[in-house]
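**Q** Here's the letter readout for the chains.
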Amino acid sequence: MIVPLHGHAATIGYCALALSALFIVGPTAWIFLNSIKYQIAIYTGAWVFEPTLQNYVDVLFSRRSDLISNLANSLVVAAISTVLALAIGTLGAYSLHRWHRRKLLARLLLGWTLVFHMIPTLTLVGPWYVLFQALGLYDTLTALVLTHVAINLPLTIWIMMTFFDEVPVELRDAAAIDGCGEFGTFRRIMLPLAVPGLVSAGILSFVFSWNEFSVALNLTSRGTATVPVAIARFAQQYEIQHAQMAAASMVAIVPALLLMAFGQRFVVRGLTTGAVK
Amino acid sequence: MNRGLAERFDGTFRHWSLWPCLGVLVALSVYPVLQLVPMAFSTLEIVGGQQTWSFTPRRNLELLLGDAVLRDSISNTLVFVVVSVAFEMVLGLFCAIFIACMPRWRGTARTIMILPILLPPVAIGSMWKLMYNYDFGLFNQMLRAVGIAPANFLGSVDWSLMAVVAVDVWHWTPLVFLILFAAVESLPQDVLEAARIDGASMWQTIRLVILPLLGPALAVAALFRAIAAFKAFDQVYLLTSGGPGTSTELISLHLNRVFFEQNQLGYGAMLSLTVICMIAASLSAGRFAAAKR
Chain P
54 MIVPLHGHAA TIGYCALALS ALFIVGPTAW IFLNSIKYQI AIYTGAWVFE PTLQNYVDVL
114 FSRRSDLISN LANSLVVAAI STVLALAIGT LGAYSLHRWH RRKLLARLLL GWTLVFHMIP
174 TLTLVGPWYV LFQALGLYDT LTALVLTHVA INLPLTIWIM MTFFDEVPVE LRDAAAIDGC
234 GEFGTFRRIM LPLAVPGLVS AGILSFVFSW NEFSVALNLT SRGTATVPVA IARFAQQYEI
294 QHAQMAAASM VAIVPALLLM AFGQRFVVRG LTTGAVK
Chain B
5 MNRGLAERFD GTFRHWSLWP CLGVLVALSV YPVLQLVPMA FSTLEIVGGQ QTWSFTPRRN
65 LELLLGDAVL RDSISNTLVF VVVSVAFEMV LGLFCAIFIA CMPRWRGTAR TIMILPILLP
125 PVAIGSMWKL MYNYDFGLFN QMLRAVGIAP ANFLGSVDWS LMAVVAVDVW HWTPLVFLIL
185 FAAVESLPQD VLEAARIDGA SMWQTIRLVI LPLLGPALAV AALFRAIAAF KAFDQVYLLT
245 SGGPGTSTEL ISLHLNRVFF EQNQLGYGAM LSLTVICMIA ASLSAGRFAA AKR
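Sequences listed follow chains P and B, in order. The C-terminal position of the first sequence is numbered 330 in our numbering, with every residue numbered one higher than the one before it. The C-terminal position of the second sequence is numbered 297 in our numbering, with every residue numbered one higher than the one before it.
It cannot be assumed that every hint is accurate.
[What the hints assert, rightly or not] Covered stretches of chain B, going by a simulated chain P footprint (3 or more residues, C-beta under 8 Å):
no.	region
1	35–42
2	112–119
3	122–136
4	227–236
[Stated by the list, open to error] Facing chain P, according to a computed beta carbon distance under 8 Å, are these residues of chain B, among others:
no.	residue
5	Ile50
6	Val51
7	Ser276
Just so you know, the hints here were simulated from the structure itself, not pulled from any lab data. Ideal Cβ placement from N, Cα and C applies to all residues, glycine included.
Construct the entire structure; sequences and hints are all you get.
**A** If you want it as structure tokens, here you go:
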């Protein structure tokens, strides 16, 4: 708190706060309203309408939509790539934290993660396409998992390194004196203390993978498409299917809503960790 | 024997724990970037999983020099980055300071603010596509209600780029807010108190105390956002796909078009290398300027 407002200023402040909250929530509410309207009510822009779940039934169960299998694909890809990125990233972060930091190899690696973060993903989708074609992995979920691991690894490394750095050196020394080996120290001391970091990195990896669009668009076809690709199909057909697009989007934002409600502490921590340091 | 193995495993744990990470980065990011070089000088065709490479450096260079859309996409991207980051920084800073001044509801405000960050960009694209719709979108309904002629936000050359910028501002102002809010909340209290005791007004406190202290956080937030805005793709693809004409064709959209709609893997790689070189050049220019100061 800087200089707390009071009196009239506070009242104006609360109004401004409510207005900005409305501004943030508004678009989501608007798409929700559209998702429970019949197509005709959308086209007339009606504010008073008869609510319906028809659009949800349509996107989930109709023959023309594969949303159920898209959801399964998204879930599998996001879950597996998150676990892999966490495992690989945590081990790497520990190594960088403990031993490598000042070595040339480590500086190259960390520098590369920064550069990798800066270049547009679409410059890499081309070579990835060629690579997976050559390996026979094109149009498989495996290919998608591998690319998502590569995309999420830098973030995991940065978050986990910050958390490892925060563990007091004394604890590690105490463990060593008590006869704990290197791996034991990692497993019994460092890892448990870095659990909040694991949760933050895991949530963010999962969300980024769930939301990821540009790679999934180009490396999948009908059977392997993820949810964002399916939504884009609704929006891109020559006759836009507004109702289905709205319903599918609502389904796609469920994880975001859940995480906002239950994991916001970790999300904020993860998003600001790198920035504040 | 067993014990010796365990000890060796233990003693080298901090070394080998880096290998998986190194392996993934080399195989899936270093190698593909290097792969761009041979690709950039070739024409590459993939038919039924069978790759045919032919060495055609001149053709690719000629394509690059004659690419009128590339010039449009570079200028569009620059406008997109500058305008959206400027708005995000101003709005984010304003919200951070203003919400930090609220006696209550700060936590709730922060929770609501993270919603756009977590939403799938594609879902955000479809939300705004509905709101921008000419016939029944929210904005045109409001314009009609106050008697102004409706505007074709996404369909007109004049409006489309700013319409796309507005979506980016909505999407990412909250991230700027989060970074700056964390910085504002951790400002040293004694300095603020000293300013208050010295009789500084609210405006003076903000301008002379808070802003200078926020310097590093502001720089980080601007850099973060500029990098991500430069890579923008998902929402723009959904909203306009680069149209009308080339008015919202950003660099990423152009890359996508060349690689996957025109199937020019070779020329696409040439474009990618050009983009990477541009980034490297601006980075070293930035470092040079920072070192000189």
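**Q** Please go over all the hints and tell whether each is borne out by the structure.
**A** To see whether the hints hold, each was checked on the structure:
1. With 5 residues carrying a beta carbon less than 8 Å from a beta carbon of chain P, the region 35–42 of chain B meets the three-residue requirement, and the given coverage holds.
2. Proximity of the region 112–119 of chain B to chain P, defined as three or more residues with a beta carbon under 8 Å from a beta carbon of that chain, is established by the 7 residues found.
3. Residue count for the region 122–136 of chain B with a Cβ under 8 Å from a Cβ of chain P: 14. That meets the three needed, and the coverage hint holds.
4. Coverage of the region 227–236 of chain B by chain P holds [criterion: at least 3 residues with CB-CB distance below 8 Å; count 4].
5. Taking 8 Å as the C-beta cut-off, the interface hint given for isoleucine 50/B holds, the closest approach to chain P being about 5 Å.
6. Interface restraint check: valine 51/B against chain P, minimum CB-CB distance 10 Å, threshold 8 Å, status violated.
7. Because the smallest distance between the Cβ of serine 276/B and any Cβ of chain P comes to about 4 Å, under 8 Å, the interface hint for this residue holds.
Of the numbered hints listed earlier, the single one contradicted by the structure is hint 6.
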